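Protein sequences, first through last, are from chains H and R. Per the numbering used here, the first sequence runs over residues 1 to 240. Per the numbering used here, the second sequence runs over residues 1 to 240.
Simulated from the structure, these hints should not be mistaken for laboratory data. Just so we're clear, the structure is a prediction, and the values are computed from it rather than from any experiment. Don't take each hint at face value.
[To be verified] Mimicking BS3-like on lysine-lysine, the simulated pairs with C-alpha atoms at most 25 Å apart in a straight line are: (1) H/LYS142 - R/LYS111; (2) R/LYS229 - H/LYS229; (3) H/LYS147 - R/LYS111.
2 protein chains.
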Amino acid sequence: MPYELYYWPSNQGRGEFVRLALEDAAAEYIDIGRLSEAEGGGVPAILKLMNAPEIKTPPFAPPFLKAGELIVGQTANILMFIGAHHQLAPADEAGRLWTHQLQLSVTDFVKEIHDTHHPLGAAFYYEEQKAEAKRYSENFLKLRLPKSLTYFETVLTRNGGRHLVGSAITYIDLSLFQLVAGLRYAFPRAMARIEPSVPRLIALHDAVQVRPRIAAYLASPRRMEFDEKGVFRRYPELDE
Amino acid sequence: MPYELYYWPSNQGRGEFVRLALEDAAAEYIDIGRLSEAEGGGVPAILKLMNAPEIKTPPFAPPFLKAGELIVGQTANILMFIGAHHQLAPADEAGRLWTHQLQLSVTDFVKEIHDTHHPLGAAFYYEEQKAEAKRYSENFLKLRLPKSLTYFETVLTRNGGRHLVGSAITYIDLSLFQLVAGLRYAFPRAMARIEPSVPRLIALHDAVQVRPRIAAYLASPRRMEFDEKGVFRRYPELDE
Chain H
1 MPYELYYWPS NQGRGEFVRL ALEDAAAEYI DIGRLSEAEG GGVPAILKLM
51 NAPEIKTPPF APPFLKAGEL IVGQTANILM FIGAHHQLAP ADEAGRLWTH
101 QLQLSVTDFV KEIHDTHHPL GAAFYYEEQK AEAKRYSENF LKLRLPKSLT
151 YFETVLTRNG GRHLVGSAIT YIDLSLFQLV AGLRYAFPRA MARIEPSVPR
201 LIALHDAVQV RPRIAAYLAS PRRMEFDEKG VFRRYPELDE
Chain R
1 MPYELYYWPS NQGRGEFVRL ALEDAAAEYI DIGRLSEAEG GGVPAILKLM
51 NAPEIKTPPF APPFLKAGEL IVGQTANILM FIGAHHQLAP ADEAGRLWTH
101 QLQLSVTDFV KEIHDTHHPL GAAFYYEEQK AEAKRYSENF LKLRLPKSLT
151 YFETVLTRNG GRHLVGSAIT YIDLSLFQLV AGLRYAFPRA MARIEPSVPR
201 LIALHDAVQV RPRIAAYLAS PRRMEFDEKG VFRRYPELDE
């Protein structure tokens, strides 16, 4: 039975980290949110499952993954599940916890990236919080972005330079690819400045990008484009 | 060998979720950040471990827990580790993932609570972002706070009303106690309005509070007071 991925169909969002792992694992999955409503998909299918009173483990928000009867929510938690079942994470406890810890630092970083355009939250449009976004982004580009990228570069370096964890690909490598790709889209000027200081991270991005299944996925219609509805948004006024 | 907990000594912060689990488990631990520098503790001890070049798994930020040679970072990840080793979480995969998923929703919620007073981030003092904090908090109290508390009430209800997961205490129950206690401190007016609609959550808070080890901890000097340096801050102007 294929997995069912539930995520808003309007943009890559946090669901993309899950898609990359499923694609690299060659796991069969149905992207429910991107099916038409006539096919039983779309936003109504997501809301229906979230609000079904008979479900004892209702997720707070998408993305969530249905694996038979099991419903797993929270991006990093889904990746831990996929990692365990598709050899995309170490099997031992220490390695499993460390990979997940790195993913949770990605989660925190993704929230910061989101907040560059929405520091006051999703309740207000970007246009209603542009001045605040600018203040937030200045500090983000000056301090937080270099700090996070340098952190992952350090982890890569201490692990030999090719992978974040162990000697093979794990889901955290795939997530770092997405981070670099998204940051290049959103902040091309800032990334041009920072990239020379994190060469191993860039090399990891490049290596993931040409993995056969990832390359096939990126060239397929299953991969949505970056745009100004997702986490990574290109607002040139914030990238200065 | 006792665990070593590394967290900033200035306030409860995210470390408190870890302390509550360690205390309820009667696990031996040393709260390194709260030791004096002469005893090898304090902020220098935290920074020393974070910056030690020989550590292959450096945490991005406190809290982190040292268990022998293992270093586990990220609050929810630490709790998953403690849950597995001290019977504070189900042992089966589905139960383990579900408990952790709930904890990650707590992590997201704690970040929102933090952002009520610091929407533009920790780079600016509260006094430098009071207007933004007010805008953020209005939406938080009107929509986000009820949504999150109602979510946990629903999970409790569907699980029989006494525990979030299974039929015994888990770390997520302890974290929900801390959430309610902190929210009561920070937003007494808003909580007075909302509490009647989440009776099971309040009953859970009350039940955790009188667990013998938790009660002993709360009465001890190991428990710091809530104050205006932590996640939960009482700024009356935000609680309207």
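Hints versus structure:
1. H/LYS142 - R/LYS111: holds, 22 Å
2. R/LYS229 - H/LYS229: violated, 35 Å
3. H/LYS147 - R/LYS111: Between H/LYS147 and R/LYS111 the Cα gap is close to 19 Å, so the pair holds against 25 Å.
Of the numbered hints stated above, the single one contradicted by the structure is hint 2.
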